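Visitor: Each chain, letter by letter, is given below.
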Amino acid sequence: MCSPFPERPDRRRASRLFRFSLLVCVLAAALPAAKTSAAPPPELRICADPNNLPFSNDRLEGFENKIARLVARDLGATVRYTWWAQRRGFFRNTLKARECDLVMGIPVGLEMALATRPYYRSTYVWLARRSRAPIHSFDDPRLEKLRIGVQMVGNDYANTPPAHALMRRGLISNVVGFTLYGDYSKPNPPARIVEAVANGSVDVALVWGPLAGYFARKASVPLTLIPAAPPPDLPGFPFVYDIAAGVRRGDTALRDQIDAALARHRAEIDRILDDYGVPRVPAPPPGGAGRTAVSARMGGSP
Amino acid sequence: MEDAPNRSAVLSGPSGRLRRSLFPFILIPILAAWISGCRRSAPSPGASVPPPHSAPSAGGTALPSAIPFAEPDESQWIRPARDYASSRYSTLDQINTETVRNLKVAFTFSTGVSKGHEAAPLVVNGTMYIVTPYPNYLYALDLTKPGAPAKWVYKPKTLPSAQGVACCDVVNRGAAYDRGRVFFNTLDDQTVAVDAETGKEVWRTRVGDINHGESMTMAPLVVKGKVLVGNSGGEFGVRGWLTALDADSGKVVWRAWSTGPDKEVLIGPRFKPFYASDKGTDLGMTSWPGDLWKIGGGTVWGWVSYDPQLDLIYYGTSNPGPWNPDQRPGDNKWTAAVIARSPDDGQAVWAYQMSPHDLYDYDGVNENVLLDLPIGGRMRKTLLRADRDGFFYVIDRTSGEVLSANPFAYVTTRTGVDLATGRPKEVEELKPQVGRTVRGICPAAPGGKDWQPMAFSPRTGLVYIPHNHLCQDEEGVQANYIEGTPFVGANVKMYAAPGGHRGEFTAWDPVAGKPVWKIKEKFPAWSGALATAGDVVFYGTMDGWFQAVHARTGEVLWRFKTGSGIIGQPITYRGPDGKQYVAILSGVGGWSGAIVSNNLDPRDGTAALGFVNAMGDLPSATTAGGMLYVFALP
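Protein chains in written order, with the working numbering: chain A, 1 to 302; chain B, 1 to 634.
Honestly, the hints are just simulated from the structure, not real lab data. Don't take each hint at face value.
[Unchecked claim] Lysine to aspartate or glutamate pairs mimicking EDC-like chemistry, simulated, CA-CA at most 16 Å apart:
id, chain 1, residue 1, chain 2, residue 2
1, A, Lys218, A, Glu195
2, B, Lys294, A, Asp183
3, A, Lys186, B, Asp209
4, B, Lys263, B, Asp345
5, B, Lys151, B, Glu197
6, B, Lys518, B, Glu555
Nothing here was measured: the structure is a model prediction, and the numbers come from that model.
Turn these sequences into a full structure, and let the hints guide you.
Guide: Structure representation (structure tokens):
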């Protein structure tokens, strides 16, 4: 568990830290309480997907990689990654197996981890070529005639909220499912749905905002993102999610440190998210609705 | 769905309900629970149990139930289920209702792997073969030497990434032996042939792609020089198949897909299903909207049986996925079905869907036991299956006609099976819909019985079924994420069915269609069963007890506490010294045991697809660790 896996660009520095981290490991094993002490960790151990842009990859090209580095620098630590596909079993094999202490980019409310305060809020979007008249509603009659791409998760009633909304409307035979798992031998498997919009194999797709925003910028044709307003018949099905970092449940000391670091770098984090085309939704006014207004920064293609 | 630990991370369910469902397990002292768990529900000891096979036929002659193609050699156990009929019955009787109380450990062997051990050991020519969970080591133990030392270990170099990319748990259900070779599957989709003598690899063939979420956990069956293997991963949108490989070369001879056009499902002129709704062209496509069949599930991760007289193989397909039921109107053929095929070319002969348009994750992969039974006064060639849906099916294996279907487990979702149409009678109010609360779905997703195989004794005419006793509620909406993408699903929590126990071991009369006795188990009975001519039946419990019960009364005659919970399959053989041995792998895990083998958080009731809610007390009852135990009389 305590084998070193330093962030690649810091290889030289890492060898020095390796010796130190080994010592920390030994101490941590002997004194479990030391782990939750308030002292900044010399090394921030993060579990992430090695092949899932725009979020993360093992070349550290994802925006979660960048935000993690920002947080680590603030805490005077270096980042050490354990790579694991973000699928079923991710938390079991990573955070709970103590392979790491931090996972970036989890939806607030996830029971498997203790969340920090959210550092961004995004939404599912309608994604289409700009040449097409935009779709704004699940009740748009044109949907019956279009090929609609949507991301699928699994059975047992778990699915992306837009998949549930389409199903409710009987939009079935013209729906094209893209598994979030995709083909793991290809780069960034969930991105296939954006490529399908760009190459015209689907007319419109419902995609999680960060994925759509990033790959829309790289698409060969101009694409438009429109926030997908939750249909009124699906109360309790969020289309907008607060995204935070997660630590092991009970690890409040680390959670507080990460929280403080995130707060200190609010502006830089926003710049990183802008750089990656992540569409954002402002926080709702206290007690108010306002969950569907999307930030003006939300970009389409360049 | 196959074993699937840690599927869900969720918003908290209402804590009141969680407390309610865990309440009985917390309060009852472990000892008391264990004692009550071992109490037979019926009949009482000494009660006379009429031998069920002695019912006179129309002509007045008793027609005994029979295993039509038994394996005569008692010194061997060469297939996962011992014989092609999948009886898991041995004619050995040194260990019997009188002597079993003296059973002692003869030797043990640690596998060095701590995930769930579901495999049956094989015994061939004085050697025992064991396949472990990932990383799928194959051990050969020398039974001719004291303590059965290892002769060799074969390590297939299974890809470590398979653990993260595979859909399901990392279990393996065992190997098969044929003509000097041991065949088994690896988690990363390789079928391997190993020389049984030397441990050297003869061939290996990659038959699936782990990068698509496809994995392999099932035990092969070798029929007429063909190694029959199937895939896992329906939840990932894997399209299911059964594949035949040439046993000598490892080359693929044929592949039968579970969904799609007839030419890919290998449906041709020989295909004559019994029921009208299974007749038609390309139903594997047309019973789905659009192209959904392309990622439609129907994987083949269970068992294969073979009838050498009819020259047909039989196997079941998994639930449809990754689509929710409302997204896939239609029967979704050929998922959750049992299919009969020719082993030579894979051509289908008949198929029957237990769960057309599956609503509850009722896979159809459970084992098919091929017996000749006296039904309606004459011997019928039957296929027996205790299905996930909680019903015990007796099917004519020549035609696919359902002769009877009776609930062996606690069922609320169906009132029966319409024998005229073959279709289940589903209960409207219990049909799940996201956002709507549905309580009291029984059986829960792991079914009345999951993969854990039953055994049959021709001496009693009874089938011995290890199974579950679980219900589930679905309510509200839970948040989760995969690959950085948040999504929602029903908040699923499982709990004990009425009575408070979570498992049962049932002796079932397949002719009369009713139980003869039942043993209540605290935890789901997740191990296989073994029947013997000594009228002793063996199985293991998830808290680690390996026990022998009286085949006619269910009286617990002997038990031994192994190091970990048992989800393996017991076998028996006559050793080189002439003595009868009984072997079992101990090592908790799998879907039900993931809370121990994977350190799931008992506070997260919906982990392992809601199974953790029902298993919160398992970590205090057992710990992980793979170990072989072999027993014999002194």
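Visitor: Now tell me, hint by hint, if it's right for this structure.
Guide: Tested hints:
1. A:Lys218 <-> A:Glu195: holds, 10 Å
2. B:Lys294 <-> A:Asp183: holds, 14 Å
3. A:Lys186 <-> B:Asp209: holds, 12 Å
4. B:Lys263 <-> B:Asp345: holds, 12 Å
5. B:Lys151 <-> B:Glu197: holds, 9 Å
6. B:Lys518 <-> B:Glu555: holds, 10 Å
Every hint, counting from the list given before, is met by this structure.
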